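Novice: Top line first, the protein sequences correspond to chains Z and W.
Start counting the first sequence at 1; every next residue gets the next number (the numbering used here).
Start counting the second sequence at 1; every next residue gets the next number (the numbering used here).
Worth flagging that the hints you see were computed from the coordinates, not collected in a lab.
Note that the coordinates shown come from a computational prediction; the quantities given were computed from them, not determined experimentally.
Check the hints yourself; a few may be wrong.
[Claimed, not checked] Think about it this way: if two alpha-carbon atoms lie no more than 25 Å apart in a straight line, the pair counts; the simulated SDA-like pairs of lysine to any residue are:
| hint | chain 1 | residue 1 | chain 2 | residue 2 |
| --- | --- | --- | --- | --- |
| 1 | Z | K105 | W | K17 |
| 2 | Z | K93 | W | W35 |
| 3 | W | K45 | Z | R50 |
| 4 | Z | K74 | W | R137 |
| 5 | Z | K93 | Z | P76 |
| 6 | Z | K350 | Z | E206 |
| 7 | W | K221 | Z | R94 |
| 8 | Z | K93 | W | N114 |
| 9 | Z | K105 | W | L63 |
| 10 | Z | K93 | W | L135 |
| 11 | W | K45 | W | K17 |
| 12 | Z | K105 | W | W35 |
| 13 | Z | K335 | Z | S292 |
| 14 | Z | K74 | W | F138 |
| 15 | Z | K93 | Z | I170 |
| 16 | Z | K167 | Z | A266 |
| 17 | Z | K335 | Z | S355 |
| 18 | Z | K105 | W | R147 |
| 19 | Z | K105 | W | T140 |
| 20 | Z | K167 | Z | A271 |
| 21 | Z | K209 | Z | T15 |
| 22 | Z | K74 | W | L63 |
| 23 | Z | K93 | W | V28 |
| 24 | Z | K74 | W | W35 |
| 25 | Z | K350 | Z | L303 |
| 26 | W | K221 | W | N174 |
| 27 | Z | K74 | Z | K167 |
| 28 | Z | K74 | W | P144 |
| 29 | W | K221 | W | N114 |
| 30 | Z | K74 | W | K45 |
| 31 | Z | K93 | W | F138 |
| 32 | Z | K350 | Z | S161 |
| 33 | Z | K93 | W | D136 |
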Amino acid sequence: MSIEARFYLDRGAFTLDVDLTIPAQGVTALFGRSGSGKTTILRCLAGLERIAKAWLTFNGEVWQNEQFFLPVHKRPLGYVFQEASLFPHLEVKRNLLYGYQRIAKEHRRIQLDEVVSLLGLSELLTRYPEALSGGQRQRVAIARALLTSPQLLLMDEPMASLDASSKGDILPYLERLHDELSIPVVYVSHSIEEVERLADQMILLEQGKVLAQGTLQDLLSRTDLPLAHSEHASAVLEGHIGAHHEADHLSEVVFNGGRLWVTEQARAIGAPVRVRILARDVSIALTPPQASSLLNGLEVRLLEISADPHPAHIILRLQVGEQILLARITQRSCKHLNLAPGQTLWAMIKGVAVSG
Amino acid sequence: MLGISDNDLMALWVTFKLAAISTGILLVVCAPIAWWLAHTRWRGKVFIEALVTLPLVLPPTVLGFYLLILLGPHGWVGGTLESMGFNHLAFSFTGLVIGSMIYSLPFVMQPLTNAFAAAGGRVLEVAATLRASPLDRFFTVVAPLARRGFLTAAVLSFAHTLGEFGVIIMVGGNIPGQTQVASIAIYDHVEAMDYAAAHALALVLVVLSFSLLLSVYALNKKFKVVGVGT
């Protein structure tokens, strides 16, 4: 079950030449700078952009080839645009039902009540779009797309046009979407933080070409790719809530290879969580420190030492259980500690961001 | 009634019938053309735009003169009809409808084209991703969003046709009950120095036209017509 896509487009200044295999499950992020071709790829997948040299199959079904083009309205997909683009002449409820009413009854797997509670829309149903905030509009747009019970959900930077507080408003909903619905999502973004919170797989794009594709964790920690050398170089560890310590207002995240203390989480014990750790927030010790204010130390194995753009720094690739952690330390400390691949070390972690 | 003769009543009837029929047909005919004009990227589009606006600047007599030649028994259209066993169209009500449609064409095309241009774009793409076919999209998204454009086009075309004179006198002549419209009847009364009759008919036209516009604007205000770009 997958999406096979080959798109070729030459617009002089911009050339798109990609050959993609997108698994038809989980969230796949199309990540790259603006102008890397992310949105064009998404529009080609939807059929909104019709380019001559395109081959596209969805779970074995041909959507486009040399002779055939399945029009947008016949593709079982949902699309969320950068701006919510609600119908201004319809109140929220009729916006939501617009697509729902246009699919056959037996294909309606997702019901109005479900998305209304999933996205917190019950107060908004009778309002017109002009009376909604940016974040509310985008939630309605997402719900409207979901109500077509899509077999594939395409999202084009759904949070790019929102301010920080509306973003914070929407992200938890997107995470619930990821956890509760089993619809494959292709998510376009140029924000690595968003990608790290939501994506399972990632396709890295640069100037219309695929730089790499693979799992999120793999691509984040590959030192031959630019991500591991960017200012926000980071790693994502997946685990679950192991315990809550109410007296200290802390929760414990457990994964194979260790555990981390994080600020108290409103999640049940056993719930899967993802923690994001910036490379610059990780320091290294040869032995477990005796007296430190840092709560979190993990026993790791040093896999690789690689150069960083700034000559003062290096990036360490560390193995925790079967997952990878990155640390950015100075060249000087590396020499001082005599680090070499294969060593067992202690990674001391200053900051942890938790998401669903 | 107030010195209005049966003949004048008939002229009023012909006038309103003409305005209603030509406006109705114009809206239907112009909608697809306006849609096309609003969205085509064809370079020759400017040629069509200029042609469509031409009736706005041409003297009505020029328009009427060409129509008379075209629709008359020796004209390209009239002659063809004659050879097929029909009547030619000069001095007929059908001829008047054709003339009025051309005369009021720019007043329908402009508002519709503008409304369609504003109602296109992203919301249509959204509707397509929500499974709406092209025709479905036109009726459920474009038409409601372009409602103000349709209303403006209808009112302007109707009012403009009420005041038509030059084209009608050239194409339609002045046959009472068939092609004599109110504006021409007034002209006749003045020619005959019957100012009282001219006054009465003119007043009826003023009052009727004003009430028509008033009711439309009041309606427009009361029922908020959701428009794009307004």
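Novice: Compare the structure with each hint and give your call.
Specialist: How the hints compare with the structure:
Taking the CA atoms of Z:K105 and W:K17, the gap is about 47 Å. The hint is violated against a cut of 25 Å. A threshold of 25 Å between alpha carbons decides the hint, and for Z:K93 with W:W35 the separation of about 29 Å lies outside it, so the pair is violated. Restraint check: the Cα-Cα separation between W:K45 and Z:R50 comes to about 23 Å, which is no more than 25 Å; the hinted pair holds. For the given pair, Z:K74 sits about 14 Å from W:R137 by alpha-carbon distance, which is consistent with the 25 Å threshold.
Note on Z:K93 and Z:P76: the hinted pairing holds, with a Cα-Cα distance of about 21 Å set against a maximum of 25 Å. Only pairs whose Cα atoms come within 25 Å are accepted, and Z:K350 paired with Z:E206 is rejected, the gap being roughly 32 Å. With a CA separation close to 24 Å, the supplied pair W:K221 and Z:R94 stays within the 25 Å bound. At most 25 Å may separate the alpha-carbon atoms for a hinted pair to count; Z:K93 and W:N114 exceed this at roughly 29 Å.
Only pairs whose Cα atoms come within 25 Å are accepted, and Z:K105 paired with W:L63 is rejected, the gap being roughly 56 Å. A hinted pair counts as satisfied when its Cα atoms are at most 25 Å apart, and Z:K93 with W:L135 qualifies at roughly 23 Å. Distance restraint check for W:K45 and W:K17: the Cα-Cα separation of roughly 33 Å exceeds the 25 Å cut-off, and the hinted pair is therefore not satisfied. Between Z:K105 and W:W35 the CA atoms are separated by roughly 33 Å; this puts the pair beyond 25 Å, and the hint is violated.
Under the criterion of a C-alpha separation no larger than 25 Å, the hint pairing Z:K335 with Z:S292 is consistent with the structure, at around 23 Å. Restraint check: the Cα-Cα separation between Z:K74 and W:F138 comes to about 17 Å, which is no more than 25 Å; the hinted pair holds. Between Z:K93 and Z:I170 the alpha-carbon distance is near 19 Å, which keeps this suggested pair within the 25 Å criterion. Note on Z:K167 and Z:A266: the hinted pairing holds, with a Cα-Cα distance of about 19 Å set against a maximum of 25 Å.
Restraint check: the Cα-Cα separation between Z:K335 and Z:S355 comes to about 35 Å, which exceeds 25 Å; the hinted pair is violated. This hinted pair does not check out: Z:K105 and W:R147 have alpha carbons roughly 31 Å apart, beyond 25 Å. With a C-alpha separation of about 20 Å, the suggested pairing of Z:K105 with W:T140 holds against the 25 Å cut-off. Among the hinted pairs, Z:K167 with Z:A271 is consistent with the structure: their alpha-carbon atoms are about 23 Å apart, no more than 25 Å.
Restraint check for Z:K209 and Z:T15: the C-alpha separation of about 8 Å stays at or below 25 Å, so the hint holds. Note on Z:K74 and W:L63: the hinted pairing is violated, with a Cα-Cα distance of about 48 Å set against a maximum of 25 Å. Distance restraint check for Z:K93 and W:V28: the Cα-Cα separation of roughly 31 Å exceeds the 25 Å cut-off, and the hinted pair is therefore not satisfied. Restraint check for Z:K74 and W:W35: satisfied, since their Cα atoms lie roughly 23 Å apart, inside the 25 Å limit.
Taking the CA atoms of Z:K350 and Z:L303, the gap is about 21 Å. The hint holds against a cut of 25 Å. Note on W:K221 and W:N174: the hinted pairing is violated, with a Cα-Cα distance of about 39 Å set against a maximum of 25 Å. Of the pairs offered as hints, the one joining Z:K74 and Z:K167 is violated, with about 31 Å between alpha carbons and a cut-off of 25 Å exceeded. This hinted pair checks out: Z:K74 and W:P144 have alpha carbons roughly 23 Å apart, not beyond 25 Å.
Between the alpha carbons of W:K221 and W:N114 the distance comes to roughly 20 Å, so the proposed pair stays at or under 25 Å and holds. Straight-line distance between C-alpha atoms of Z:K74 and W:K45 comes to about 31 Å, which puts the hinted pair past the 25 Å bound. About 20 Å separates the Cα atoms of Z:K93 and W:F138, which keeps this hinted pair within 25 Å; it holds. Distance hint between Z:K350 and Z:S161 is unfulfilled; the C-alpha atoms sit about 32 Å from each other, more than 25 Å.
This hinted pair checks out: Z:K93 and W:D136 have alpha carbons roughly 19 Å apart, not beyond 25 Å.
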